[in-house]
Amino acid sequence: MSEVSQGSLFGAGGLAPGDAELPGAIEDHPAEVLAEGELEPNGRGGDVVAPGRSAETALPVSEVNAAVRGVLEASFAPLWVVGEVTNWRRVSSGHCYFSLRDESAQISCVIWRSDADRLPTDPEEGMEVCAYGSLSLYETRGQYQLVVQKLEAKGEGLWRLAFERTRRRLEAEGLTDPARRRRLPTLPRRVGIVTSKEGAALHDVVSVIRRRAPWTHILLSACRVQGEGAAREICAALDAVCRHPEVDVVVLTRGGGSVEDLWCFNEEIVARAVAECPVPIVTAIGHEVDVTIVDLVADLRAPTPSVAGELIVPDAADLRVAVRRGSSALAAALRSRARRAEERASRASEHLSDRVVRFVERCGVWLDGLGGRLETLSPLSTLERGYAVPLDAEGHVLRRLGMFEPGDAFRLRVVDGEVAARVDATDGIEAGAREGRERSS
Amino acid sequence: MSEELDFEATMAELERIVAALDREELDLDEALRLFEDGVSHVRRANRLLEDVRGRIEELIEASSEEVRTVELAVDVPDEENANAD
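Line by line, the protein sequences are chains A and B. Per my numbering, residue 1 is the first one in the first sequence, and the count goes up by one each step. Per my numbering, residue 1001 is the first one in the second sequence, and the count goes up by one each step.
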């Protein structure tokens, strides 16, 4: 049957490229043509003429086109074609029409809407692309065409082009302006994370936050982070997490993947949702080399999910250092306050300097109460400068001449220890001059 | 002072106290009282770093009226740095 139709309509061997594909579909169309003509080819009728072989059996144009279309579609398996894009147009129905050409030839191409919608963007005039599709014939015009299902530019050309186009639009609106970037809170109470519940990114961010600042609350707003519909889910998840009144900062994150996997983070609706985020937002998409559109509008871009965790919360160890520093400053402030009072007192009256001694003693008690966190403040600083304190056996300070009896033993507290001493003699107001001569036995 | 006082506010208060102590005009009793305050802030700051443990939750619904969450288990190594001093 197939041999017959081939012979009658198109001549034997006329379909070189598709020979292998001939059996099957080829039987349908030409066979119908023959059936309509009620012919018995291959000489069984003897006196009948194959359709189209004479003016009497001329075939209508539509039948020829339908037959050629059948042959064309059946003869070629889907194939990749490389060439330059020319005359690209996307019509209101969403279908795209263009031609592929090289130096000497061109092919008409069409991409139906369902496939066209998956393109990151429209190619530019002259862009070299590879198109994958099936050959067919547009019967109305008798024009053969490639019905394209996939279109890829050299390298990542189409993705890059889409990226640049979106970037330019956002830039024109000022959304990528660094001046728009907000500072992150230094110590967030609750971190909102927008990512997939299953991904490694969630685990990475949570681990780092837990390690550095375990008191931080974490709120996951889960969404898909790749594939069709992911962009819309991301926008919804972002919107939802920002409704929580205590979220101070948001991180939008995803682990590494191919350009296609990460593509939703280059989509304009996601970029706009990020730009409109009411609280500061950090993005961490893919690996360090992957820069996406959302990174350009975020308040901060982290190279990886783990780094995002580090940028969002401080390290508890650093905060402990800050507390220690604060407590030292507190002790130092009190000490210098005490010293000022002491200096003023020694210039003024003995009555006041008693207050100073009490004050300094009280300071010491307070500082002891800190359990070693603060540097000990005691009269040591006074002793350091050469003052000595005489103490009796019970540790009472011997303040007045009347408390010393010649021959009494007492202790002299100096900065690095005590000296056993005995009263040699006492004297009136210039007693200070004799202190140096009092020696232990 | 409320228990809600967070770390940053606590540290800011501590700084304010240190600055006040550095001023000459305070009399000694006032200075000691401030110091006592400062000490309690140091204690509070340390407590905030050590005691509290954040919750990990998943947002399951955020309509305009309410926000609902559930506890979320994320398998992470817990508390490896409690004494990182």
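Keep in mind the hints are simulated off the structure, nothing from the lab. We treat Cβ as the ideally placed atom computed from N, Cα and C, and that holds for glycine. Be aware that one or more of the hints could be misleading.
To be verified - If you want the footprint, here are the derived chain A segments under chain B, 3+ residues with CB under 8 Å: (1) 70–77; (2) 176–190; (3) 239–253.
Hint-by-hint comparison with the structure:
1. Only residues whose C-beta sits within less than 8 Å of a C-beta in chain B count toward coverage, and the stretch 70–77 of chain A has 0 of them, not enough to reach three; the restraint is violated.
2. Three residues within the 8 Å Cβ limit are the bar, and the stretch 176–190 of chain A against chain B gives 4, so the coverage statement holds.
3. Counting residues of the stretch 239–253 of chain A whose CB falls under 8 Å from any CB of chain B gives 6; the rule of at least 3 is met.
Of the numbered hints given earlier, the model fails hint 1 alone.
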